[in-house]
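Whenever a hint applies, use it, and build me the whole structure from the sequences.
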Amino acid sequence: FFSAPFFAMKKLSLLLAPKALRTSFNVAIIPGDGIGKDVVPWGKRVLDVIQDKTPVTFDTVDLEAGYATFQSTGKSVPDETITKLKSCDGALFGAAATPTQPPAGYVPPIFELRQKCKLYANVRPMVSAPVDTKSGRSNVDMVVVRENTECLYVGKERYANEIMGKGKVVVSERHISEKASLRIARFAFTLARRRRGHKSRPPHVTIVHKANILGMTDGLFLECCKEVAKEFPDVPYDDQLIDGFMYKLTHRPTQYDVVVAPNTWANIISNGGAPLVGGLGMVAAMNEGGTLMLAEPVHGTPPHLEGTKKSNPIATMRAAVLIAQGLAPTLGVDYYFEKALEQILREGTSITPDLGGTGTTDELGSALIERFAALMDLGSEETEHVFRDG
Amino acid sequence: FFSMMKRLSTLLSKPVVHRIGVIPGDGLGAEVMPWAKAVMQTIDAYAPVSYELIDLEAGLGTYQKHGTAIPDETLNELKKCQGSLFGAAATPSPPPFGYLPPVVEMRTKLGLYANLRPMQSVPIDVLGTRGNVDIVVVRENTECLYVGKEKLATSAGSGKLAIAERHISEKASKAIAKVAFDLAVERSKKRMQPGHVTIVHKANVLRLSEGLFLESCQEVAKNYPDVVVDVTLLDSFMYKSMAHPSEYDVVLSTNTWGNIISNGMSPMVGGLGMVHGINLGDDHVMAEPIHGTPAHLEGKDIANPLAAMRAAAGLAERLSPEYHFGEILERAILEVLKESTHLTRDIGGTASTHQCGEETIRHFKTLLSQQY
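First to last, the protein sequences are chains A and B.
Using the working numbering, the final residue of the first sequence is 390, and nothing's skipped along the way.
Using the working numbering, the final residue of the second sequence is 762, and nothing's skipped along the way.
No false leads were mixed into what you were given.
Think about it this way: if two alpha-carbon atoms lie no more than 27 Å apart in a straight line, the pair counts; the simulated DSSO-like pairs of lysine-lysine are:
hint : chain 1 : residue 1 : chain 2 : residue 2
1    : A       : Lys118    : A       : Lys179
2    : B       : Lys539    : A       : Lys226
3    : B       : Lys539    : B       : Lys564
4    : B       : Lys561    : A       : Lys168
5    : B       : Lys550    : A       : Lys156
6    : B       : Lys630    : A       : Lys310
7    : A       : Lys179    : B       : Lys541
8    : A       : Lys339    : A       : Lys134
9    : B       : Lys550    : A       : Lys226
10   : B       : Lys579    : B       : Lys568
11   : A       : Lys168    : B       : Lys541
12   : B       : Lys541    : A       : Lys118
13   : B       : Lys561    : A       : Lys156
14   : A       : Lys156    : B       : Lys539
15   : B       : Lys564    : A       : Lys156
16   : B       : Lys612    : A       : Lys168
17   : A       : Lys116    : A       : Lys75
18   : B       : Lys539    : A       : Lys168
19   : B       : Lys564    : B       : Lys469
20   : A       : Lys156    : A       : Lys179
21   : B       : Lys630    : A       : Lys37
22   : B       : Lys455    : B       : Lys499
23   : A       : Lys53     : A       : Lys37
24   : B       : Lys550    : A       : Lys179
25   : A       : Lys118    : A       : Lys86
26   : A       : Lys168    : B       : Lys499
27   : B       : Lys630    : B       : Lys612
28   : A       : Lys118    : B       : Lys550
29   : A       : Lys226    : B       : Lys541
30   : A       : Lys44     : A       : Lys84
31   : B       : Lys568    : A       : Lys166
32   : B       : Lys568    : B       : Lys580
33   : B       : Lys541    : A       : Lys166
34   : B       : Lys427    : B       : Lys728
35   : B       : Lys568    : B       : Lys499
Each pair of labels, with its calculated beta carbon distance range:
hint : chain 1 : residue 1 : chain 2 : residue 2 : range
36   : A       : Lys230    : B       : Ala546    : 24 to 32 Å
37   : A       : Lys86     : B       : Thr458    : 53 to 61 Å
38   : B       : Glu729    : A       : Arg194    : 47 to 55 Å
39   : A       : Pro103    : B       : Gly547    : 29 to 37 Å
40   : A       : Glu370    : B       : Ser730    : 43 to 51 Å
Bear in mind the hints are in silico, worked out from the structure with no lab data behind them.
Glycine included, every Cβ here is placed at the ideal spot set by N, Cα and C.
Below is the structure:
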């Protein structure tokens, strides 16, 4: 009853909003390599629809990064890309074709981007999809909050041949700092509080670690999380070892809400959990914490999909939605996109092979764009109506 | 006449006697250990192998009593044993400075450099179960993040900074690779297809250490030209192994990833209550269920004893391969699973630990006595 006029009023209120409430944003488009180039245009189309149907404007700029860029310029992320990103509010990154054993001097572009833009939090929503995949489960609705700056990702390795009798030895350092741990914990608990009541789930934070083996590093991480938890008495939490957690995640994923963990464990969790929600083609991540909201599909550039034009664009399109949500949360565009997604997936005619169909990237992408635009026109009450009646 | 002579010679020959340390540990570890012991005792009674079972202490209970989770006495006794059974140990919370779980110390002190975790599909009806899974995770068991080298520093801007070292050596990497490739060859004979080793790594983040691991494994691979090798990034493997587990045979990785992989894949084959690990050294074999001590399952007689029982049979098979005790227990377990009346909760039943354990031993006894 209220929805259509409410949405119109939202539009109007944005137009009349004080200058402090921005409606124009700069978004970098960085396809990268391989299938990144196939899927990123569909992410951009999502932004086009939002720009078309709301008062928000996205001024996009195409930037370079990736393995091909490294091969032609000597850097996986050229200085120009970093400079231009400084004046951007959002960025959509595709994927990089990092080889198994990268050449010296090569840094995977996403690591470079996270570090240079100070994106300390990596947020990965994992929500069940209405598709029938072998490992898919229903009613999963969780967010993995990954510390994005340290742990085994600090790039500190050295040869240590003085360790007797073992031949060549490499020692790698894993860093866990009080500062980064408190910061990511606060982010996770704040998110849990914000999500309270999200699809009627009680808020909960699960802290994942390996403090039985890594008593100092993960002991510190756990200590910091518990310290922050005191500021959020309304958010219950518990902690679990990563090995036990990986078992519980695949055994009963529906029990989780917000999961927070150091860099390495969180990466494993979101990759291992992806099959539960439809696969790597479905999951997007938002890297944030600085002045840039950099979103990406969590998949890489699998060789078997190269050139097939059948990669799933959903993860990238969801990444674009995350950008729009992050920059203009009052628009509530994620609601419309997820509804469009639900509809298109249930219809099943254009879905890509990873979801059990035979559709191409472009077929699925255009079906989603069309439906997303149509629902945005309808307004939320009508959209609900369509769903209730079939 | 010949079969009579054969029986006579079996009866007259000295039975093999193995010294086996038995370390129940805490919580669920202590609850399931009697069933692992029952497997050994049943073999002792029905087959031409004898065991001297020596009860030993380790774990949180031991730590609280004696100030150490793994007393010297336990280690000294274990050094005189050919094999051992370990239950599970709880970790004190918070762990004291320098604390390492007793099983980690045992692996180091007994030279148990390889950790083998077989995972095979079972006919049960539980969410997450997958068919056609037949994998062994081969996990390096001595180094990586398990070396216990951590330190605390204070850095100017970030407050406390804790640093852990991860060690990867050429020696340990080659040793574990050899175990994996030998296993692949052995399995290829039974599976009637070429052996396949998947090396799982994280060289995109840890260029030097994972690079050394990969280099070492690939060096060993040269000696096994008939084994198919593929190299997969951990992130991809976590995904692919959940999506298509039947594609894998032997999965080779370093300590930390190997542990996570086997725990994560366990729901496909019945869960943590079904999976066991064999810690292998040149002079000693320690077998264990891979589960820990979940407090909420304690004291209720609902824990699944099968992982611990499989550990016992796995140990017996390693020590006396000619008798195939592991295979025989698997047949017994299959019968119990098919009956489905004596399964614990985690695998879809309502039976107690005792009921499941007893029924499994009953079938095992029958099969053993038919064989020997």
